[in-house]
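Chains as they are written, first to last, in this note's numbering: chain U, 1 to 425; chain Y, 1 to 593; chain F, 1 to 335.
Derived by calculation from the structure, the hints in this document are not laboratory data.
Even for Gly, the Cβ is constructed at its ideal location relative to N, Cα and C.
Incorrect hints may have been included.
What the hints assert, rightly or not - Computed spacing ranges between beta-carbons, pair by pair:
| id | chain 1 | residue 1 | chain 2 | residue 2 | range |
| --- | --- | --- | --- | --- | --- |
| 1 | F | 325 | U | 158 | 49 to 59 Å |
| 2 | Y | 593 | F | 325 | 47 to 57 Å |
| 3 | F | 332 | U | 19 | 39 to 49 Å |
| 4 | F | 76 | Y | 186 | 41 to 51 Å |
| 5 | F | 328 | U | 17 | 22 to 32 Å |
| 6 | F | 114 | Y | 177 | 43 to 53 Å |
| 7 | F | 197 | Y | 593 | 15 to 25 Å |
| 8 | U | 19 | F | 267 | 44 to 54 Å |
| 9 | F | 2 | U | 33 | 27 to 37 Å |
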Amino acid sequence: MALLEVSDLRVRFSTDDGLVKAVDGLTFSLDRGRTLGIVGESGSGKSVTSLAIMGLHRGRAGQHGAGKQAGTEVTGEIRLDGEDLVTASDERVRQLRGSKMAMIFQDPLTALHPYYTVGAQIIEAYRVHNNVSKQVARKRAVDLLGRVGIPQPAVRVDDYPHQFSGGMRQRAMIAMALSCDPGLLIADEPTTALDVTVQAQILDLIVDLQQEFGSAVVIITHDLGVVAELADEVLVMYAGRAVESGPALNVFQQPAHPYAWGLLASMPRLDVARVERLKPIPGTPPSLINVPPGCPFHPRCAYPAQVGGDRCRTEEPALNEIAAGHRAACHLTAAKRREIWASIDPARAPEPGDAPDPAEPPADLADPADLADPADLADPADLADLADPAEPPAGPAELADPAEPLSDDGRPAPEAGTVTEVEAP
Amino acid sequence: MKRRRTLAFSAAAAVVAALTLAACSSSGSSTGSGGSTAGTGTSGGAAAYNAATTGVVNPSTKKGGTVSFALSSTPDSFDPGNTYLAWVWNFSRLYATPLTTFKSAPGSAGNTLVPGLATSLGTASANGLVWTYHIRQGLKFSDGEPITSADVKYAVERTYDRSVLENGPNYFQTLLADPTYKGPYKDPKGNLTSVTTPDKYTIQFHLVAPFADFNYVASIPQDAPVPQDKDTGANYQLNPVSSGPYMFSSYTLNKQATLVDNPNWTPSEDPQAQQNATKVTVALNVNSDDIDNRLLAGDLDLEAQGLGVGAAARAKILSNPSLQKNADDAFINRLWFVYLNTKVAPLNNLACRQAIEYAADKTDMQTAFGGPVAGGAIGTTALLPGQGGYAKIDDYKAVTEPAGDVTDAKAALAKCGKPNGFTIGASYRSDRPAETASAQALQASLAKVGITLQLHGYPSGTYYSDFAGVPNFVHSHNLGVLFGGWSPDWPDGYGMLDELVNGNTIVPAGNTNISEENNPKVNALFADAAKTTTTTAQASADYAQIDQLVMGDAVILPEVYAKALYYRSPNLTNVYVEAAFGEYNYAVLGTNS
Amino acid sequence: MVTFVIRRLITAIFLLVVVSIITFAIFFLIPRLAGQNAYELATQYVGRNPTRAAILQMEAKLGLNEALPVQYWHFLVGIVAGTHYNDGPSVTYCPPPCFGYSFRNQQPVWPQLVAALPVTVSLAIGAAILWLVGGVAIGVLSALRRGTFFDRFSMAVALAGVSLPIFFTGLISLELFSYKWALFPNVTWVPITQNPALWARNLVLPWVTLAFLYAALYARLTRAGMLETMNEDFIRTARAKGLRERTVVVRHGLRAALTPILTIFGMDLGLLLGGAVLTETTFSLPGLGQFTILAIQNQDFPEIMGVVLLAAFFIVVANMLVDILYAVVDPRVRT
């Protein structure tokens, strides 16, 4: 049995403008020790999913008309270790929060309480689920801080969040999340607010801790590079639904959904000379109140014509298995899919006539200013910009190994034998 | 010199409260039954509206209980030698007995001078320059020490140091023949040579000029005896040694004073005072609305300053018979009036002044002061009713045509050569709402005959020292009509009129003869009345004539004989209005509770 | 932290000196500028119908003939070192701080201020506890139950409380609870040392009246602060840790929302200690507020100076304490 099993999760908010279907039929599962990367634009429902799992959507004090489930409706099943969280009582979910499932958030400066020391907050997290003395909890806090790589943890445990640097803060938050040994760790954009070098360290840390604690990790991000770094499996969400899921390698090498194509195609590459402009996905994400009928992606998709008839507009595609463990929700046939992907795969060998212009300098990827703008997701071109320039873009052949030394000119040479060839079906 | 009554300035709060509380007027607290109450008192004296202005309410000799006073500010000083407030002069008789005092009786008998500490009223020498008093023998202070004439002399001496005791009147300094004496603090070795004590029970005052009213001067608490060895100067007010029926047991500044029976007092010490209660409390700085409400609720016996109740309580009292029978609408020894200056043209012409007298709307001015109950009765004379020589003259039809006599006014205008009226400046105290309203009322009524008043308001603190009381200022600013008021230091013609219309009292600053009346006949009458050989009856006749002449000269336009609505707790015994103070007689009160 | 406190102290003293100079100038400089000479000035402070000699004596006593800075210097020396005063038969020493002697009753001003202080302190602190606890509690509950009937009702009542003047609510409460239904008859000041039960009973109406006004303010402030704070990220983190909702609201939410409230509380209390004029006048409580009114009505300069400086002292100290408190409460300020 998987640690986390989500079945047909639907999360709806009633607002003055109408019913917002933030998550509309999501199904996935995650085993212990595995990492799932949930990718999508803002508004795709990835954060809402994590909040629903944690039960943080439940009737919160201070909401307008507060009472239970203030206007939020969650249906479906979320099974954590076999227990359904959707039907569980508030108290039961509260007990599980922090102890069996933990979450770390995007901005550690605002996510930690400014008035309490880091140590006190970790101790609090520990003592709410473990009946121990303050001294024992404090020792645990110091241990955890050391474990996450904070130097002089016995001293730093009494410091306030504002006295830590960004990366250290995130480490501290990770320490806090892991204090009770949760089986499931959800990381919501954990590195978006950090600068690049620190990002790498944090991601390393998460990988290490996962191996040590054996927990399942859900990493939510819009950054394909991060997913490529960490995830065993990938789930691509669009308009509250999963449009593609599967092993990370497969999804990156052989994406099966036009949205995924768009994401990958729009990423700038260092290993291929750029001859044309970056290709964004046209259009904007749909309204979650008035989701387009049929396939939610169809208004922006370039290929409904290839499906034939009106199917894309009228019939919602199911998440079908197209290869082992690899699912996609699209009406295109497998053959069509391969054909189209071959033509647009950015990692294909250059065609004659595609002579690079030597005068043209390579695309300027190394602009750190662009990295720091996670909010601007409407333009998929930026997704590519956010990739770590120190890290080569994910090639079609394999994910680049960050430990691999860069070649002299800054671009790793593509491995021999990894030319993208679309095999004939 | 005028004795001051503290004036109540009702805050806006009181107005708001009045509007609200008048709307929710209570059904009235239960009051005691009228008529004679328990005790060995005589029958009669039932509580009724205005009963205390003519007779004694609840006469009783019952002893015991606490009489509670409250006031909305503080006394200028409880030191009998350092006070100029009417109510403190009244209240000080509980612990300080002057040589002479006023008869403790209701009605106009309360204006009569009678002996206090002295055995009889003082007698003047043949030349009128030496007044002799004999002090009752065997009397004691509250500390047991005997009271002698030296103590009376010392009491007068200490008032000479105005840097320490600055509040009281300065009659002694001006009348006695030793004005350069600096007082015992600055001149411990010297003494006041114009006061002599031939023996332990005789005291003589040597005047610089004859003064017929010296017995009135002797009634001022400044000559109540003070033992020199117990005098603490500016601190004496905290615990004065008592020569009256009560003595101070505690005094917390700004908060509360408590008096208890003086064990060393006997009724012979001052036949006009009584020792009925065992305790007297005075609560200071109590909100005036609070005072009114507590009075009506029965939690308080008396308001101390003689201000009367406020508008809200007045409404409640007058509309509720069970409350009204505990109220008295008493004359408070004050005249509100207007000076008509004789030097500022065209008022230098008698007929023009008379035009103003005729045209003024007396009813409007009475309303400005609060109407017949709270304001007073329409005045027609410079003397107050009850004062020796008062007669009901009404030269300008103020009673018969209170709204103003336009016909006669116009005739007078024609006679003075201004048939279409004239313009003249008028001054008043702008921080006094009633006075301001009365100025506006006069302005409106005079406009009907073409007389235009240009109103100028001045602050009351410096009204006499800087503005209306400075003849040069009055002339240069064309102020012919000047508002004022007067409360005599003692209730006879001299106290009332001398500083108002005696030509010899005009001074360049601090002037109170603001009309600058200088009628030789009037001056001669004053001189006659001042002779010590003049009897009281003759003096009264003199003052009556002065009043007639002054009204004929149209130098005073009387507005109202002021009144206030007092409320007495039904528990109080021996309550009546003492005419000399215009307040309840504090020296005789007792209680039934 | 120590330098922080020392700096604040020095600023505080400087402020007090400035306040005293301004008050002094109002009384003695402005009349000069308006053309009054020393003699005329002295006339205002002397009794009525004074003789010329009396005025000259007062002029000498007040030192009005001296240059203004010299006068001010005497005054300052008095505060710091005390002065000697001639009260008639003897010369007494007025120990520091000596604000001189009241013109009204020739008694030293400082003991009168000290006597009035317990009244104001009792009134202010009692009301402060009431309004802090009540206002914050209602504010928190309203924020947690936003939009419900409780929220709307309590905010409407709060609006009334903030709008109604104290002399109105005070008089209404007296009319109802003191005169009409004698629940609190004779609301007068009774020292706590004399009769604690009566002291408290007589202060109930003034406490409630004063607290009603401030509680309303604090309820609205707390509600707004809580609403804002409960939307912060660290609240979400706290819930994500599995904390009980009550812990989240109080330890995490309220703790953060209270900081601005505490600042305002310090200022309000400081101002109130200088004299709750309206409340004291309405209920006839002989505190600093009533003393101030009396002093002003009588143009009694030593009393006015004393009460102004005392009030300024409280405000300055409160300001300083609030600054320090803020640094204690919010660690981000300490650096």
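A quick look at each hint next to the structure:
no. : hint                        : in the structure
1   : F/325 <-> U/158: 49 to 59 Å : violated (21 Å)
2   : Y/593 <-> F/325: 47 to 57 Å : holds (52 Å)
3   : F/332 <-> U/19: 39 to 49 Å  : holds (41 Å)
4   : F/76 <-> Y/186: 41 to 51 Å  : violated (28 Å)
5   : F/328 <-> U/17: 22 to 32 Å  : violated (45 Å)
6   : F/114 <-> Y/177: 43 to 53 Å : holds (46 Å)
7   : F/197 <-> Y/593: 15 to 25 Å : holds (23 Å)
8   : U/19 <-> F/267: 44 to 54 Å  : holds (47 Å)
9   : F/2 <-> U/33: 27 to 37 Å    : violated (54 Å)
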